[in-house]
Amino acid sequence: MSIPYVRDPSARERIVMLLVAVVTVIAISVPIGLSLVISQRQSLQTELNRASLIAGEVLRRSQDISSQVIQIVNLLKQVNAQEPCSGENIALMRSLAFQFDHVTDVVYVANNKLMCSSYGRFGTGIDVGKPDFANMIGFDVRKRVKMPFDHASTFRLTVDSNTGYGALVHPELATDVKLDGSDIDVGIIMLPTRKTLFQQGYFDPQWVDKLGSHSEFKWFDGRYVVAIKRSERYTYAAYAALPANYISENSRGLAFWLVPLGVVIGFLAAWLIFKLSKHKLSLLSLLKQAIRKNEFHLVYQPVIDLQTGKWVGAEALLRWKRPNGEVISPLVFIPLAERNNLIVKVTERVLEMALRDFPSLLRKDPDFHLAINMSADDLQKEGLAAALHQSLISAGIAERNLIIELTEREFTNTEATRQNLRELRGRGISVAIDDFGTGYSSLSYLNTLELDCLKIDKAFVDTIGTESATSDVVAHIISIARSLNLQMVAEGVETQEQADYLREKGVQLAQGWLFAKPMLIDELRRKMVSTTQVATETSVATTASSTASA
Numbered sequence: 017m018s019i020p021y022v023r024d025p026s027a028r029e030r031i032v033m034l035l036v037a038v039v040t041v042i043a044i045s046v047p048i049g050l051s052l053v054i055s056q057r058q059s060l061q062t063e064l065n066r067a068s069l070i071a072g073e074v075l076r077r078s079q080d081i082s083s084q085v086i087q088i089v090n091l092l093k094q095v096n097a098q099e100p101c102s103g104e105n106i107a108l109m110r111s112l113a114f115q116f117d118h119v120t121d122v123v124y125v126a127n128n129k130l131m132c133s134s135y136g137r138f139g140t141g142i143d144v145g146k147p148d149f150a151n152m153i154g155f156d157v158r159k160r161v162k163m164p165f166d167h168a169s170t171f172r173l174t175v176d177s178n179t180g181y182g183a184l185v186h187p188e189l190a191t192d193v194k195l196d197g198s199d200i201d202v203g204i205i206m207l208p209t210r211k212t213l214f215q216q217g218y219f220d221p222q223w224v225d226k227l228g229s230h231s232e233f234k235w236f237d238g239r240y241v242v243a244i245k246r247s248e249r250y251t252y253a254a255y256a257a258l259p260a261n262y263i264s265e266n267s268r269g270l271a272f273w274l275v276p277l278g279v280v281i282g283f284l285a286a287w288l289i290f291k292l293s294k295h296k297l298s299l300l301s302l303l304k305q306a307i308r309k310n311e312f313h314l315v316y317q318p319v320i321d322l323q324t325g326k327w328v329g330a331e332a333l334l335r336w337k338r339p340n341g342e343v344i345s346p347l348v349f350i351p352l353a354e355r356n357n358l359i360v361k362v363t364e365r366v367l368e369m370a371l372r373d374f375p376s377l378l379r380k381d382p383d384f385h386l387a388i389n390m391s392a393d394d395l396q397k398e399g400l401a402a403a404l405h406q407s408l409i410s411a412g413i414a415e416r417n418l419i420i421e422l423t424e425r426e427f428t429n430t431e432a433t434r435q436n437l438r439e440l441r442g443r444g445i446s447v448a449i450d451d452f453g454t455g456y457s458s459l460s461y462l463n464t465l466e467l468d469c470l471k472i473d474k475a476f477v478d479t480i481g482t483e484s485a486t487s488d489v490v491a492h493i494i495s496i497a498r499s500l501n502l503q504m505v506a507e508g509v510e511t512q513e514q515a516d517y518l519r520e521k522g523v524q525l526a527q528g529w530l531f532a533k534p535m536l537i538d539e540l541r542r543k544m545v546s547t548t549q550v551a552t553e554t555s556v557a558t559t560a561s562s563t564a565s566a
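Basically the numbering used here = 1-based index in the sequence shown + 16.
A portion of the hints provided could be inaccurate.
Quick list of in silico lysine to aspartate or glutamate cross-link-like pairs, DMTMM-like style, CA-CA up to 25 Å [as the list claims (entries may be wrong)]:
| # | residue 1 | residue 2 |
| --- | --- | --- |
| 1 | Lys-211 | Glu-188 |
| 2 | Lys-93 | Asp-117 |
| 3 | Lys-93 | Asp-143 |
| 4 | Lys-361 | Asp-393 |
Keep in mind the hints are simulated off the structure, nothing from the lab. Computed from a prediction, not measured in an experiment: that's the story for all the values here.
All chains should be built: construct the whole structure from the sequences, respecting the hints.
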């Protein structure tokens with residue numbers, strides 16, 4: 017390439033620099049272009065395989081659920097009870113709920129009303145509406161049923177159209193596979209009707225046409241990487257759809273290896289600046305900053321002995337107040353921490369603050385206990401019990417004073433979890449299941465896990481003294497806890513009527529605004545003295561009264 021002659025040296029220099037820049041751009045663009053072509057092809061195949069694996073896992077889970085529901089109905093058919101809601105038949109339902117871990121509840125439905133379940137009878141019944149559709153094997157399916165005792169969740173209700181027996185299943189149980197992104201769409205399709213049985217995210221009915229007579233089909237339609245797998249046992253198929261941007265994201269890393277180091281550094285620097293500016297003021301960025309700068313603090317909700325009124329323990333509750341005075345609700349930042357693998361760091365911060373505060377309470381009452389919430393991720397940590405043991409020793413706290421609370425809604429029943437629970441209890445640390453009955457872990461968890469305590473969720477406590485169809489459920493939960501020899505703590509107690517009912521039913525402990533709101537550690541220290549004195553006086557008066565009567 018010849019450079020035209022120009023008298024002005026500065027002008028000629030500018031032309032040379034321009035040509036050099038053009039050649040440089042071409043030299044950089046060629047390997048980038050080749051790398052993009054190669055990486056796009058490899059990335060597409062990778063994402064197709066990934067979609068296939070996800071669809072296969074969703075199908076496996078759904079088939080397991082279907083199999084368990086059919087087994088439950090067949091077992092109830094064999095018994096053929098004349099009165100489906102008799103005490104004996106409800107006991108059988110409860111036994112089946114314990115045995116089958118993929119169902120939330122075993123039920124009996126008549127005239128579109130839920131009459132009874134493994135939790136007990138429901139008075140005149142709970143209206144569950146007409147079925148959304150009937151499947152090919154004689155089951156009526158209601159895709160989105162709301163239960164009065166768990167307003168946050170919707171359930172899939174599958175009922176045998178002949179007998180009325182069936183099961184309640186949390187819809188996320190089939191689709192709750194380990195996904196790298198929240199924008200991955202998964203579900204189960206009934207092939208004869210093309211209606212979705214379970215669905216998370218987007219679904220295009222035309223995808224079913226691609227399956228045809230194949231057992232599996234996977235393709236890229238320009239918008240989604242899709243895989244569909246047909247069930248060999250049932251008339252449905254599972255699908256997984258990944259957005260197209262997953263292909264480009266996957267190929268970008270390979271392309272960078274084929275360009276000069278300087279260009280790679282430049283691209284990475286630009287990408288980092290973009291990411292930093294984009295997330296500078298995001299809530300996730302603020303949460304990470306809060307963890308680094310210790311913006312959290314604890315409040316403590318007292319736990320009351322229902323017999324004596326004494327404060328016997330407290331639950332540590334995390335609060336976040338930003339430097340500008342803004343308060344972020346735990347209902348916002350705790351799920352955010354869980355979704356972004358930050359919850360373990362948050363728990364570590366809670367432990368650090370709680371173990372700093374707690375020794376001063378033990379000096380007032382050596383038997384006082386501290387309850388701390390832990391997530392599913394916390395329970396996967398290797399050496400959890402040993403690490404807690406060292407932390408407690410350093411703080412001068414006995415292991416018998418600590419209670420670990422597990423949220424049922426987030427619980428994962430893995431071998432690592434069970435091993436950690438065994439080691440915790442082996443060291444004297446108590447384990448409680450929190451928010452019992454509001455998640456989708458099923459009754460079988462209580463039967464298979466080693467636990468010490470069951471916390472009755474506020475949703476059930478609120479029904480005490482009402483004419484709600486679910487008002488008897490709390491009594492059934494208490495009965496379940498007694499049968500498993502579990503200590504009970506009632507949450508969200510707000511009225512004296514609720515407290516009296518729980519005491520009469522044998523519930524040992526309670527917490528709620530009737531007794532005390534969550535408070536800072538200094539206020540808890542002050543109030544512990546007065547409540548201990550009141551409890552002692554009450555105990556003495558009770559003893560004296562008993563002696564006089566004798």
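Going down the list of hints, with the structure as the test:
A threshold of 25 Å between alpha carbons decides the hint, and for Lys-211 with Glu-188 the separation of about 17 Å falls inside it, so the pair holds. Of the supplied pair hints, the one linking Lys-93 and Asp-117 holds, its CA atoms being roughly 20 Å apart against a limit of 25 Å. A threshold of 25 Å between alpha carbons decides the hint, and for Lys-93 with Asp-143 the separation of about 23 Å falls inside it, so the pair holds. Using a Cα cut-off of 25 Å, the hinted pair Lys-361 and Asp-393 holds, with the two alpha carbons roughly 10 Å apart.
Hint check: no violations occur; every hint is consistent with the structure.
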